[in-house]
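J.: Going down the list, the sequences are from chains L and Z. Each residue of the first sequence is one higher than the one before, counting from -13 in the working numbering. Each residue of the second sequence is one higher than the one before, counting from -13 in the working numbering.
It cannot be assumed that every hint is accurate.
Treat identical chains as interchangeable: a pair holds within one or across any two.
Claimed, not checked - EDC-like mimics (lysine to aspartate or glutamate), calculated; alpha carbons at most 16 Å apart, straight line:
#: 1; residue 1: Lys148; residue 2: Asp72
#: 2; residue 1: Lys68; residue 2: Glu144
#: 3; residue 1: Lys189; residue 2: Glu221
The set of hints was computed from the structure by calculation and includes no laboratory data. What you are looking at is a predicted structure, and each value in this text was computed from that prediction instead of being measured.
2 protein chains.
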Amino acid sequence: MSKDQNYSEYSEEGEIDQEEMVPGKKTAVLVDGILLNGPTTDAKAGENFVKEACRLIMEEVVLKSTNVNEKVCEWQPPEQLKKLLDLEMRAAGEPPHTLLELCQDVIRYSVKTNHPRFFNQLYAGLDYYSLVARFITEALNPSVYTYEVSPVFLLVEEAVLKKMIEFIGWKEGDGIFNPGGSVSNMYAMNLARYKYCPGIKEKGLFGLPRLILFTSAECHYSMKKAASFLGIGTENVYFVETDGRGKMIPEELDKRIWQAKQEGAVPFLVCATSGTTVLGAFDPLDAIADICERHGLWLHVDDLLKRCYSANASYLFQQDKFYDVSYDTGDKSIQCSRRPDAFKFWMTWKAIGTLGLEDRVNRALALSRYLVEEIKKREGFKLLIEPEYANICFWYIPPSLRTMEEGPEFWAKLHLVAPTIKERMMKKGSLMLGYQPHRGKVNFFRQVVISPQVSREDMDFLLDEIDLLGRDM
Amino acid sequence: MSKDQNYSEYSEEGEIDQEEMVPGKKTAVLVDGILLNGPTTDAKAGENFVKEACRLIMEEVVLKSTNVNEKVCEWQPPEQLKKLLDLEMRAAGEPPHTLLELCQDVIRYSVKTNHPRFFNQLYAGLDYYSLVARFITEALNPSVYTYEVSPVFLLVEEAVLKKMIEFIGWKEGDGIFNPGGSVSNMYAMNLARYKYCPGIKEKGLFGLPRLILFTSAECHYSMKKAASFLGIGTENVYFVETDGRGKMIPEELDKRIWQAKQEGAVPFLVCATSGTTVLGAFDPLDAIADICERHGLWLHVDDLLKRCYSANASYLFQQDKFYDVSYDTGDKSIQCSRRPDAFKFWMTWKAIGTLGLEDRVNRALALSRYLVEEIKKREGFKLLIEPEYANICFWYIPPSLRTMEEGPEFWAKLHLVAPTIKERMMKKGSLMLGYQPHRGKVNFFRQVVISPQVSREDMDFLLDEIDLLGRDM
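Using the sequences plus the hints, can you model the full thing?
T.: Structural data, given as structure tokens:
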């Protein structure tokens, strides 16, 4: 606090009205030359800007999201896009109409992840109910740390978790919505470690034997990140061999566990995967659970959460509050501020019901089966593996390679096909589909259908378009 | 993939029109009895729902956010609120009008964190520009992993980071926007650890000496969470004593470092705080930096980020893409999917300019000074400490305690005052302000002014209202 502050209180020059008679009213207060009366925000201008922007979002995003004739993306390389967008932040602010034009440009050059033909990652199209929930969330701007500041959203999260636990078939359980799968994997690892040795929370890993976790070679890459972040080390993630379908082989798991024990290390966790990232494979959970039981290993999360993370921050989680503080779940998470992610799921669930959710899953699987049959029928398309779920991995073999023997030259050439077709589809903006190499297999496309806005026509288009873009190769 | 699938292709009964002549058109495709033609979502109904919900959000949240006559909260205890809200998810979905009523209830019973008199946590009121950016984000639903799917938002993040690095005065730098301070502290800790021993990424902490980090006793509680999560252990967070203003004492830091070394442990990180959570104290960075330099200790983040987190997930971060893959920053973060958090800040910066941001800071500090002077003037209010920044910690001493000697009975009784006033303000809905005990000091209120919508009148109201609610105690 500056000692030489210029603190003064006086009436504004020339301002004479009745209200001046009321003490404290209309008295301009200045501190260090700054007028402190009233809010400084121009609420009317702000409100109008929000209204105009909402109209723009409605027209340019929501209404266009189901139109397959719109482009999926408006590709521009980074240097070009920098020239097209006015990104520079200046000393003075921009007027509302300039900002609205900027918003329009942001929308224009952004990838339309809601588009029925955006298949690049696991997106489910535009869900109107989830979108409304997220608009409400952003407008209310809650942070789910305590019941006091987030009463509705904590109850919503509780209701969703309760229902999910019911569906799993558990009698009891607890949980928390996380920002994503990577963070969830970290939680799982931390919980397993805490179960092995609760003292880790205070003592850390110092002086402990080498801890080993087991996961399939097909697991999500976040397992390695988690092991690195949590101080376990990526070399202490033992990858268990998978079968031809990408499923963990239980006998191999058992062998790896014995190997770790012989090395003098301590197995503490098995991370099984139900639906691997690339192939969509399901590890055989029953057989894995039996092995975990025999070795006394952790297979999944439970309600140790709270004891494990609690840091008892007295400034946030006062125990002398006037309500049931068990609703203050903020101390369960590694974050402090946290969005109510359960709310969007809850809104969709309320809107379409359990049966509606079920229909979506069934239809996605039926569409996957349709696509698989089409891939089998069509010349130049080849499945990497017969899928057991919604992940469909396939190569497109252009005419020039169709008669070639499947030797090193063939694979080297095929490896270049998917990147080229991807480049062409993005520049055209007709479609977005992911590709990757995987465990010795050259670049292939991966399609995962999950959106209720996707139809059989889109599946046909997908194959037609790949063929159209690649047939000259 | 089920072997006994019922795969059929036929024309819908009774449907005869010209389009049937075009092969593949209007041909109903069923797989396992599920019709695959066209999207299943009712887009019109969905669009109308979004429109109606936007109107509701505008009226009930945006337009009311600046009105101090609106209640800050509509308090209901958990069991009561559960009865008021229809939280149950059922087999069938609910119709749009029921959903809209639900949305209205959600808004009604949620705390209005935008309200000019919500001071419970560090909120800055409703920022119209940030809100629009967040609406756009939710509508476009991007995830900032690669340039390919998030071109605009990656460039925006780069522009904001560049500008921030410029303001700090660095010639170069790199960074990433994180979901919050807790996660950022974890990154800092992980980077420091990586600097001390890059092999930790692969080998983990096994076999390493005990690692020690130093932070002030006033630090954010997330430091302990981070130490626990990263396998360092909370006992290996050495808290350095602070002076009367809550600042780390450099000489004490030096002593603690020597102590750790004598114990055979390895100091690796000093976490200084610029603006502590409760008191708003600034650690003396220059003196701390000198000590860190002498001991070879890490004081803050740098651009080791990428090497440190990279897991090189080939399915996401293909190196054979047709554009500059240095824009695919997803591998820098511990998350995979990630929201473009820089975008909302960018939009506000664009809208009000650097000068507008500066004005906000200056006005918040001036309002803080005003409040401090008022606290000093008024009977029954007592500053905990002369603030140096925007955090103002104070007690309200009700009339019955004003003549009492400041002994154990006084403090025991004063400890109960803030919780009671807090309960009353929440039940009335007039104001929300946080309180906490802190390092031997009994419960006190903490006010941090940051919102441009807050005025001198709100500061007066804050003190008037506390006095009104507490004067009978």
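J.: Output the indices of the hints that this structure fails to meet, ascending.
T.: Checked against the structure, no hint fails, so every one of them is satisfied.
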